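Asker: Chain residues, written in single-letter form:
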Amino acid sequence: MPHEFAIGGVYVPPLLVASVLGTIAAAVTARLLNRVRLSRYFFYPPAVFLALMIIYTVLFDTLLIPF
Amino acid sequence: MTLSTRSKEAIKTALAMTIAYAISLWMGWDKPYWAGFAVAVISLATTGQSLNKGAMRMLGTLVTTVIALILIALFAQDRWLFMLFLSLYVGFCTYMMGGAKDQYFWHVCGFVCVVICMAAGPDSKEAFETAMMRAQETGLGILVYSLVSILIWPITSRADFDAAACELLSTQKQLCRSYLDLMRGDGNPGDAQALRAQEVQQQTRFGQLLDSAETDTYEVREMRQQWRRYRSQTEELTETMERWHESFAELKALDLSLLLPNLAPFGAELDERLAQMGRMLANQAPERQPAVMDLTLNAAEIGALSHFHKAALAVTCSRLQHLELLTRSLFDNLSGIKGFGQSIPEADSARPLDVRFVPDPDRLVGAVRVILSMWLAYLALIYVNGMPGGAGFVSMAVPFVMAFATMPQASVSLLFVPAAVSVLFAGLVYIFVMPQLSSFMGLGLLIFGVIFAICYLFAAPRQALGRTFGLAMFVTIASITNEQTYSFLKVANTALMFPLMFLLMAITANVPFPLRPERVFLRLLGRFFRSCDFLMSTMHWDPQRPVTRLDRWRDAFHAREVSTLPRKLLAWAPHIDTKALPSTSPQQVQAVVTSLQGLTYRVKELLEERGNPQAQFLAQELQADVRAWRLKVQETLKRLSVDPTAGDREAFRTKLDGILGHLEARIKGVLDQASEGLFSDGDGENFYRLLGVYRGVSEALVNYAGSIGPIDWEQWREERF
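Residue numbers (the working numbering), protein chains in the order written: chain B, 1 to 67; chain X, 1 to 721.
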């Protein structure tokens, strides 16, 4: 069963929360990859960022927020 | 107690907003917030600026109302064709928005069409009423603010305009004096560079204030043609002084006071003219009129120079003479404007305008991005169930994507904080304060208080983004109507639309290529050298050869690329992340752009000189040598167009020195053999000028190679997030 978040009586969909966390995690990962210069091995970093967002969203869903 | 300008402006905006809402609600009009938007957007620093912007908004709204109704009428039953033509129209408006004039008019033409189409589209029988309501509300907002700004504490642009004109002239006078000193071997190049940067900013400000002053100051409006001519003449003065400055390196070894005996009085005359123009701008009659001056040449000393030194001197003299003509023309024009009469007929130094349509590739890419964004938003609206904002999402996204299309350097992240703070603030007012109000008395006080606070706290020019967001979000979320309702969903949906819009902009920013500043910079460099290569290849065209329309168009396209790309590179340079590129400093990037600007001037001069007739015997004797030189330059440009970082200063220098040495000997040999009368003074002048500008292009390439040497370009090419 999906689990909504209730904030002051306002229901927030779990996908929204997972995707927000996934985006933040992807942004942090991207920064770290830039800092250690590993990002130079990617052919097209914007697509990699998108992939990271999706991976983290699914991970957060699996481990933290079921939707 | 006297109120500050900041308070007065805040009171005017708040009052106009309150009155606009009062009238709209009293008349029972739907969507009063459209009048509020108009007030929020057109409230600027001076009355002239506000009236200008208001006029462009009104005109844009009227034009686009007709377009929107035509689109709805033609494609009422076919949503795909409807969206196709609407997106093409908005793409066209985005392209036009990137031009030099009337940007805001085209912006309004684009996004207002989408607003009307999206508001009316699903139910087309309301289309006409929606379109008329938009025009009415916009007109109301503009009229109310215009009246308030004219009648209450009006601020005209006149004082700022006069000050800007004086500052610009003063800087140009100081720059001219600085360049005269540098030419003689004195002076500080750093001071000249600082003056140059100041001049660029002052030139832009002067242009903007002229547009405002034409609207709110009768005296300026009456002489607007002369003032516009003055503006273009000051721009030409800037360019002429820069071209003159480019030649100093080639004159280092020469004793100019010996070669040009009247150089000092010539320089003093230029300085004096600019000083007298300063007096006229301060509304004082000039103490003397400009005297026509020609540079005298010491023929004996010049005869002893090498041919390339003669060429460098010929180019410099040509530029100084043009400077003389231009300052005289400026003086006459200003004399006429200020009513101090003209001493001599106005010397005409104006260049004819080129009105051919030549597409700009960067503006085209911006238009494509906007079209793509609109399609993505539209597809999301159709296929995603429960899309926050519905059709309003498309209406909200379009103004932002259009604005960012013309500022591709700006990052979407700039909008995060202003959007979040403004939605939060407006949401709090909407949820907690507004439900307590029961009459317009309370509502009016609330509107006045909120608008005053936002305008007062965000009054500085650099806070314009925060101010615009604050006003727009308050007006949008409050959604004041006669049948007022309150729903948290409205705030939540508006808040959710922003992340979706940012996601949309982030996706389209990578199509057709990513907008990473380093990659864009390299791409623009490549384009620059491709265009230079093409223009150099046209040098071999026979002047008698019939020129086709396609040739003229390609010539115009590449000439425009060469003229405009250094400016675009200058816009991208500050956004290069030098923290991520430790071996690159902002000064090094600036040096690259400066060297490209120098190359632009040299190439333009070469194109101007190619039309001048050359002595037949010289053309025949030296054709092969000059051709070989031109081909070497073209080969270098072609290599640089593939890899703009593949320049080696020492190699270029060695090659150029070799060419100069060989040509010097060849020219000496040809002229020594030339019989009497075969080579007139006019022929000599044309020949040395052409030689000088050819050398100038080569020297500029050496200079460019020197500027790119210190930078680690491999790091620029590395992929990064």
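Keep in mind the hints are simulated off the structure, nothing from the lab.
Each hint should be verified, as a subset may be incorrect.
Facing chain X, from chain B, some residues (calculated, C-beta under 8 Å) [said to hold, decoys possible]:
id : residue
1  : F5
2  : A6
3  : V10
4  : P14
5  : R40
6  : P45
7  : F49
Quick list of the computed label-pair ranges, beta carbon to beta carbon [unchecked claim]:
id : chain 1 : residue 1 : chain 2 : residue 2 : range
8  : B       : L38       : X       : A403      : 31 to 39 Å
9  : X       : A628      : B       : R37       : 44 to 52 Å
10 : X       : I70       : B       : V28       : 24 to 32 Å
11 : X       : P361      : B       : A6        : 47 to 55 Å
12 : B       : R37       : X       : G709      : 17 to 25 Å
13 : X       : D648      : B       : P13       : 56 to 64 Å
14 : B       : V28       : X       : A253      : 36 to 44 Å
15 : B       : L32       : X       : F432      : 35 to 43 Å
Take a look, some chain B residues computed to stay more than 10 Å from chain X by CB distance [as the list claims (entries may be wrong)]:
id : residue
16 : E4
17 : L33
18 : S39
19 : V48
20 : A51
21 : I55
22 : V58
23 : L59
24 : D61
Values in this document were obtained by computation on a predicted structure and should not be read as measured data.
Backbone N, C-alpha and C define an ideal beta-carbon position, used for all residues, glycine too.
Asker: For E4(B), which was marked as not at the interface, is the minimum beta-carbon distance to chain X over 10 Å?
Answerer: Nearest chain X Cβ is 14 Å from E4(B), so the label holds.
Asker: Please check whether D648(X) and P13(B) have a Cβ separation lying inside 56 to 64 Å.
Answerer: 60 Å, holds
Asker: So does I70(X) sit 24 to 32 Å from V28(B), Cβ to Cβ?
Answerer: 50 Å, violated
Asker: In this structure, is the beta-carbon distance linking A628(X) and R37(B) contained in 44 to 52 Å?
Answerer: Between A628(X) and R37(B), where Cβ atoms are some 45 Å apart, the hint holds.
Asker: Does the interface hint hold: is F5(B) within less than 8 Å of chain X, judged Cβ to Cβ?
Answerer: Nearest chain X Cβ about 13 Å off; hint violated.
Asker: According to the definition I'm using, a residue is off the interface if its beta carbon is farther than 10 Å from all beta carbons of the partner; does L59(B) meet that for chain X?
Answerer: 19 Å, holds
Asker: Is it the case that D61(B) keeps its Cβ farther than 10 Å from each residue Cβ in chain X?
Answerer: With a cut-off of 10 Å, D61(B) remains clear of chain X, as the shortest Cβ separation is near 18 Å.
Asker: Going by Cβ atoms only, is V10(B) closer than 8 Å to chain X?
Answerer: With a minimum Cβ separation of about 6 Å from chain X (threshold 8 Å), the hint on V10(B) holds.
Asker: If we take the beta carbon of V58(B), is the closest beta carbon in chain X still more than 10 Å away?
Answerer: Given that every Cβ of chain X is farther than 10 Å from that of V58(B), nearest at about 18 Å, it holds.
Asker: Does the interface hint hold: is P45(B) within less than 8 Å of chain X, judged Cβ to Cβ?
Answerer: 5 Å, holds
Asker: For V48(B), is the shortest beta carbon distance to chain X beyond 10 Å?
Answerer: Incorrect as stated: the minimum Cβ-Cβ distance to chain X is 8 Å, not above 10 Å.
Asker: In terms of Cβ atoms, is chain X entirely out of 10 Å range of A51(B)?
Answerer: Correct as stated: the minimum Cβ-Cβ distance to chain X is 12 Å, above 10 Å.
In summary, the structure is inconsistent with hints 1, 2, 4, 10, 14, 17, 18, 19 from the numbered list given earlier, while agreeing with the others.
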